[in-house]
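Engineer: Sequence:
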Amino acid sequence: MAYANALAVLADPTRRKVLELLTQRPRTVGEIAAELPVSRPAVSQHLKVLKEADLVDLRQEGARHVYSARPEQLGELRSYVDRMWQDVLAQYEQSAKEDD
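Following full-length UniProt numbering, the numbering of the sequence shown begins with 1 at its first residue and continues without gaps.
Simulated from the structure, these hints should not be mistaken for laboratory data.
Mixed in with the good hints there might be a few duds.
Derived EDC-like pairs: lysine to aspartate or glutamate, alpha-carbon spacing no greater than 16 Å straight-line [stated by the list, open to error]:
| id | residue 1 | residue 2 |
| --- | --- | --- |
| 1 | Lys51 | Glu20 |
| 2 | Lys51 | Glu72 |
| 3 | Lys48 | Asp12 |
| 4 | Lys17 | Glu31 |
| 5 | Lys51 | Asp12 |
| 6 | Lys17 | Glu35 |
Just the calculated beta-carbon pair ranges, DEER-fashion [unchecked claim]:
| id | residue 1 | residue 2 | range |
| --- | --- | --- | --- |
| 7 | Leu36 | Ser95 | 38 to 44 Å |
| 8 | Ala63 | Ala96 | 55 to 61 Å |
| 9 | Ala8 | Ala42 | 33 to 39 Å |
| 10 | Glu35 | Gln94 | 42 to 48 Å |
| 11 | Gln86 | Glu61 | 37 to 43 Å |
| 12 | Lys48 | Ser95 | 40 to 46 Å |
| 13 | Ser95 | Ala63 | 39 to 45 Å |
| 14 | Arg59 | Ser39 | 42 to 48 Å |
| 15 | Glu52 | Gly75 | 17 to 23 Å |
Glycine included, C-beta positions come from ideal geometry on N, C-alpha and C.
Start from the sequences, fold in the hints, and give me the full structure.
Structural biologist: Spelled out as structure tokens, the structure:
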């Protein structure tokens, strides 16, 4: 996963909310739009960006397009953030030892 791209995609608060909704359960564009103060076309554009970043999957059920979060991609993103957090904690620990 391109972490910089995923982080840039998730910088948008509406896209974060769309992804949060999809982590709860798969949804259609209409279901997502009903939860947000944006239009269906706007939701579709956000979903397109999330899909291009490999953060969501799309499957067709008849005429419906159903989107879902990609847990494996979210896991990779979390691992990336966790590694940064561990580095920050290590630096903090080192700084605290130096202050003693």
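Engineer: With reference to the structure, classify each hint as holding or not holding.
Structural biologist: Results for each hint:
Note on Lys51 and Glu20: the hinted pairing holds, with a Cα-Cα distance of about 14 Å set against a maximum of 16 Å. Pair hint Lys51 plus Glu72 holds up; C-alpha atoms about 14 Å apart against a cutoff of 16 Å. For the proposed pair Lys48 and Asp12, the alpha carbon gap of about 13 Å is at most 16 Å, so the pair holds. A C-alpha spacing of about 13 Å is found between Lys17 and Glu31, which places the hinted pair at or below 16 Å, so the restraint holds.
Simply put, Lys51 and Asp12 have alpha-carbon atoms about 14 Å apart, close enough for the 16 Å limit, and the pair holds. Between Lys17 and Glu35, the direct Cα distance comes to roughly 9 Å. Compliance with the 16 Å bound is thereby established for this hinted pair. Evaluation of the 38 to 44 Å hint for Leu36 and Ser95 yields a pass: the beta carbon distance comes to about 42 Å. Roughly 59 Å separates the CB atoms of Ala63 and Ala96, a value that falls within the hinted 55 to 61 Å.
For Ala8 and Ala42, the hinted distance range of 33 to 39 Å is not satisfied, since their beta carbons lie about 18 Å from each other. For Glu35 and Gln94, the hinted distance range of 42 to 48 Å is satisfied, since their beta carbons lie about 44 Å from each other. A beta carbon spacing of about 41 Å between Gln86 and Glu61 agrees with the range 37 to 43 Å that was offered as a hint. As the Cβ distance of Lys48 to Ser95 is approximately 43 Å, the hint placing it in 40 to 46 Å holds.
In this structure the hint that Ser95 and Ala63 lie 39 to 45 Å apart at CB is violated, the actual value being about 58 Å. Distance hint check for Arg59 and Ser39: the Cβ-Cβ separation is about 23 Å, which falls outside the suggested range of 42 to 48 Å. Under the hint 17 to 23 Å, the C-beta atoms of Glu52 and Gly75, about 19 Å apart, fit the expected range.
Figure legend: structure checked against the earlier numbered hints; hints not met, in rising order: 9, 13, 14.
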